[in-house]
Amino acid sequence: MPKFADETDRKVSIILSKGTLDWATAAMVIGNAAVSEGIELHLFFTFYGLDAVLKKKMDHLKVTALANPAMHMPNVVVGLPGMTAMATAMMKKMMKKQNVPEHRDFIQMVADAGAHLHVCRMTFDMYGYTKDDLYEEVEDVLSASDFLDLAEGGQIIFI
Amino acid sequence: MATEVIAGREISVDDEGFMTDPSEWSEELAEALAKEIHIDTLTEDHWKAIRYLRADFEETGETATIRRVSTQAGLATKELYQLFPKKPAKKMAYISGLPKPTGCV
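Residue numbers (numbering that gives the first Met the number 0), protein chains in the order written: chain A, 0 to 158; chain B, 0 to 104.
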């Protein structure tokens with residue numbers, strides 16, 4: 000039997016705390032890699048990361064060059080109106096070239112592969128969201144301690 | 000280079016068991032490879048994926064990822080995970096006699 004055919008009891012939990020397109024994509028890439036290896040995957044959306052699973056926000060995630068030296072642009076320039084939209088458009092173009100799906104397609108693909116999506120209870124209550132605000136694939140709203148119970152024994156990645 | 004005997008035929012494989020010479024592959028061999036990873040029957044949908052992977056590899060020289068198969072071959076992500084449980088990307092490539100995919104998405 001080939002080596003990869005073995006069953007695995009591995010588990011990965013990714014905490015997404017950022018609501019920008021670049022970091023949400025990073026979470027999806029790692030998450031997708033995990034599920035396609037047969038690894039149990041939990042995604043926990045907290046603070047700004049909630050935008051990635053809010054029906055009204057998830058299609059409009061943006062990336063900003065502001066306060067990001069790796070974008071190699073002076074802050075005084077990228078702080079001008081319209082620059083975030085431009086940076087987002089550029090990033091989307093680059094990702095498309097690499098066949099990276101749009102965020103909604105990407106998260107749907109990971110969910111279809113069996114990932115478990117959880118939302119942070121505190122953030123959810125703090126902003127006064129209701130279940131109707133959440134993307135349909137979200138399973139539940141969890142406290143931090145319930146999330147840690149789920150993640151026990153696996154790898155935790157914080158983004 | 001390692002070799003393995005599957006269905007009475009000697010094939011060249013890498014250290015994970017993936018075939019290294021796509022020309023040694025045949026549809027009959029695919030049935031035997033599938034059994035090696037506990038997929039006992041190849042249905043028409045399995046073949047749809049396998050044929051797409053073979054044709055795409057011939058054209059691009061790369062093994063298609065799950066995303067590529069689901070968008071190009073008309074099989075949804077969920078279906079691929081049902082057809083090739085747990086590790087669809089690697090299982091599809093293995094049965095199709097191709098290297099494991101290198102793409103992330």
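No lab work stands behind these hints, which were simulated from the structure alone. Treat each hint with caution, since some may be false.
Ranges between beta-carbon positions, derived for each pair [to be verified]:
no. : chain 1 : residue 1 : chain 2 : residue 2 : range
1   : A       : Met-0     : B       : Lys-77    : 24 to 32 angstroms
2   : A       : Met-85    : B       : Thr-19    : 58 to 66 angstroms
3   : A       : Gln-154   : B       : Gln-81    : 23 to 31 angstroms
4   : B       : Asp-14    : A       : Asp-145   : 48 to 56 angstroms
5   : A       : Ile-155   : B       : Ser-11    : 39 to 47 angstroms
6   : B       : Asp-13    : A       : Ile-155   : 26 to 34 angstroms
Here are a few chain B residues that sit away from chain A, every Cβ distance over 12 angstroms (derived from the structure) [what the hints assert, rightly or not]:
no. : residue
7   : Arg-8
8   : Asp-14
9   : Glu-15
10  : Glu-23
11  : Glu-35
12  : Thr-40
13  : Trp-46
For every residue, glycine included, the Cβ atom is placed at its ideal position computed from N, Cα and C.
Here is what the structure says about each hint:
no.: 1; hint: A:Met-0 <-> B:Lys-77: 24 to 32 angstroms; verdict: holds (26 angstroms)
no.: 2; hint: A:Met-85 <-> B:Thr-19: 58 to 66 angstroms; verdict: violated (46 angstroms)
no.: 3; hint: A:Gln-154 <-> B:Gln-81: 23 to 31 angstroms; verdict: holds (26 angstroms)
no.: 4; hint: B:Asp-14 <-> A:Asp-145: 48 to 56 angstroms; verdict: violated (41 angstroms)
no.: 5; hint: A:Ile-155 <-> B:Ser-11: 39 to 47 angstroms; verdict: holds (40 angstroms)
no.: 6; hint: B:Asp-13 <-> A:Ile-155: 26 to 34 angstroms; verdict: holds (32 angstroms)
no.: 7; hint: Arg-8; verdict: holds (16 angstroms)
no.: 8; hint: Asp-14; verdict: violated (8 angstroms)
no.: 9; hint: Glu-15; verdict: violated (5 angstroms)
no.: 10; hint: Glu-23; verdict: holds (15 angstroms)
no.: 11; hint: Glu-35; verdict: violated (6 angstroms)
no.: 12; hint: Thr-40; verdict: holds (17 angstroms)
no.: 13; hint: Trp-46; verdict: holds (20 angstroms)
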